[in-house]
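Q: Chains A and B are the protein sequences, given in the same order. Per this note's numbering, residue 1 is the first one in the first sequence, and the count goes up by one each step. Per this note's numbering, residue 1 is the first one in the second sequence, and the count goes up by one each step.
Think of the hints as simulated: they come from the structure by calculation, not from any bench. Please read all numbers here as calculations on a predicted model, not as lab measurements. Cβ atoms here follow ideal geometry from the backbone N, Cα and C, with glycine treated the same way. Hints are not guaranteed to be accurate.
Claimed, not checked - Simulated pairs of lysine to aspartate or glutamate, DMTMM-like, Cα-Cα distance not exceeding 20 Å:
{"hint": "1", "chain 1": "A", "residue 1": "Lys79", "chain 2": "B", "residue 2": "Glu195"}
{"hint": "2", "chain 1": "B", "residue 1": "Lys169", "chain 2": "B", "residue 2": "Glu195"}
{"hint": "3", "chain 1": "B", "residue 1": "Lys188", "chain 2": "A", "residue 2": "Glu6"}
{"hint": "4", "chain 1": "A", "residue 1": "Lys188", "chain 2": "B", "residue 2": "Glu195"}
{"hint": "5", "chain 1": "A", "residue 1": "Lys169", "chain 2": "B", "residue 2": "Glu195"}
{"hint": "6", "chain 1": "B", "residue 1": "Lys115", "chain 2": "B", "residue 2": "Glu104"}
Said to hold, decoys possible - Away from chain A, derived, C-beta distances all over 10 Å, residues of chain B:
{"hint": "7", "residue": "Ser122"}
{"hint": "8", "residue": "Arg133"}
{"hint": "9", "residue": "Ala204"}
Protein chains: 2
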Amino acid sequence: MRKISETTVRRLSVYLRFLEQFDAQGQMTISSAELARRGGTTSAQVRKDLSFFGSFGKRGLGYSVPELAARIRDILGLKRAYRVVLVGAGRIGGALVQYPGFRERGFHVTAIYDKDPTKVGSRWNGLLVRDVRHLESDLQKEPTDIAIVVTPAEAAQVVTDRLVHAGVKAILNFAPVQLSVPSDVVVKSVNMAIELETLSFALANR
Amino acid sequence: MRKISETTVRRLSVYLRFLEQFDAQGQMTISSAELARRGGTTSAQVRKDLSFFGSFGKRGLGYSVPELAARIRDILGLKRAYRVVLVGAGRIGGALVQYPGFRERGFHVTAIYDKDPTKVGSRWNGLLVRDVRHLESDLQKEPTDIAIVVTPAEAAQVVTDRLVHAGVKAILNFAPVQLSVPSDVVVKSVNMAIELETLSFALANR
Chain A
1 MRKISETTVR
11 RLSVYLRFLE
21 QFDAQGQMTI
31 SSAELARRGG
41 TTSAQVRKDL
51 SFFGSFGKRG
61 LGYSVPELAA
71 RIRDILGLKR
81 AYRVVLVGAG
91 RIGGALVQYP
101 GFRERGFHVT
111 AIYDKDPTKV
121 GSRWNGLLVR
131 DVRHLESDLQ
141 KEPTDIAIVV
151 TPAEAAQVVT
161 DRLVHAGVKA
171 ILNFAPVQLS
181 VPSDVVVKSV
191 NMAIELETLS
201 FALANR
Chain B
1 MRKISETTVR
11 RLSVYLRFLE
21 QFDAQGQMTI
31 SSAELARRGG
41 TTSAQVRKDL
51 SFFGSFGKRG
61 LGYSVPELAA
71 RIRDILGLKR
81 AYRVVLVGAG
91 RIGGALVQYP
101 GFRERGFHVT
111 AIYDKDPTKV
121 GSRWNGLLVR
131 DVRHLESDLQ
141 KEPTDIAIVV
151 TPAEAAQVVT
161 DRLVHAGVKA
171 ILNFAPVQLS
181 VPSDVVVKSV
191 NMAIELETLS
201 FALANR
């Protein structure tokens, strides 16, 4: 398979959402033009994105909605469920634990950790906040692929090293630092200020 | 100026963060190799990203840290401050209001709105939660470029229409819907499940 850019992967996620809406409404086929219109892109881009994964769709008939949705789910690794642990029971952590979109896509937050004794033992969205010193023993009992790091900047690398050592292979990082990980671990950093900067860029370059 | 992809804009934001760290440490010049290493990309990519904006740097000497930082700030529209209003005083809204990275980049959250009478009148991070019915009159008094929409899905388009009508030109959308806006308004949607899907994709395609 050719190398797929993150931008393409993100568009696939967006297409999948529309396909699921169409599917729920009983629409059986969809054209690249319609997917493009909903996704804010062009038909050519849609066809290019989908061509990465071999040939879909029949000329003039469009794509089969359930087939295309199933194929994209497969590509995105969404045919299985994922256990997710969250480290850092602060405000952003609290928002993420309640995020309704995770569970419906198969991402199950199974544990939250913090080192603050005033937080440890409290319940967040039904989950007990555990002392972070149990991280390694918990992960040994319940192997977990994905972790979300929502600690302060100065704790993020230490926590990441512990997660990686305990077998976590993918990290979503909200701490404002660049994390170092071995080459077989993937890190994706989320920075809300950078999201706003894409807007200030657009405003400044109209 | 050539069309610049969002991926490039995001990398510029990342470079800027490293340049500011170097600047604070008194480092006056930096090579494309060093910027690449810190940003998790290649020297060739750094040079390509920066070449969009004309010629920087001297062969063999690298880039001047303060000059390059100033130029990127200029490109990203960060030489001015932005007023930002936030609509939706829920959990994510609460996390965003406290987000330390906004103010230090010149994004000032000046107001929070909600329609829930149990939230209106409470204080969040020093800001009073205002009734959303004051949105238009407030924006008339204090013109605002950027809004963050953190409402439930079903309210997001109505709120967006009101914001656009009141002169807002850029929207950061956390509601899980595709927003329709006129062509002179820019919308950037943030979806945490899509962030996790870039990880499940990476895990599934190792």
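Q: Now tell me, hint by hint, if it's right for this structure.
A: Quick rundown of the hints versus the structure:
1. A/Lys79 with B/Glu195: Holds: A/Lys79 and B/Glu195 sit about 17 Å apart, inside 20 Å.
2. B/Lys169 with B/Glu195: 25 Å, violated
3. B/Lys188 with A/Glu6: With Cα atoms ~16 Å apart, B/Lys188 and A/Glu6 stay inside 20 Å; holds.
4. A/Lys188 with B/Glu195: Given that 20 Å is the threshold and the Cα spacing comes to 8 Å, the pair holds.
5. A/Lys169 with B/Glu195: It holds: about 15 Å lies between the C-alpha atoms, which stays within 20 Å.
6. B/Lys115 with B/Glu104: 29 Å, violated
7. Ser122: 15 Å, holds
8. Arg133: At about 26 Å from chain A, B/Arg133 clears the 10 Å cut-off, so the statement holds.
9. Ala204: Given that some Cβ of chain A is not farther than 10 Å from that of B/Ala204, nearest at about 3 Å, it is violated.
Of the numbered hints stated above, those contradicted by the structure are hints 2, 6, 9, listed in ascending order.
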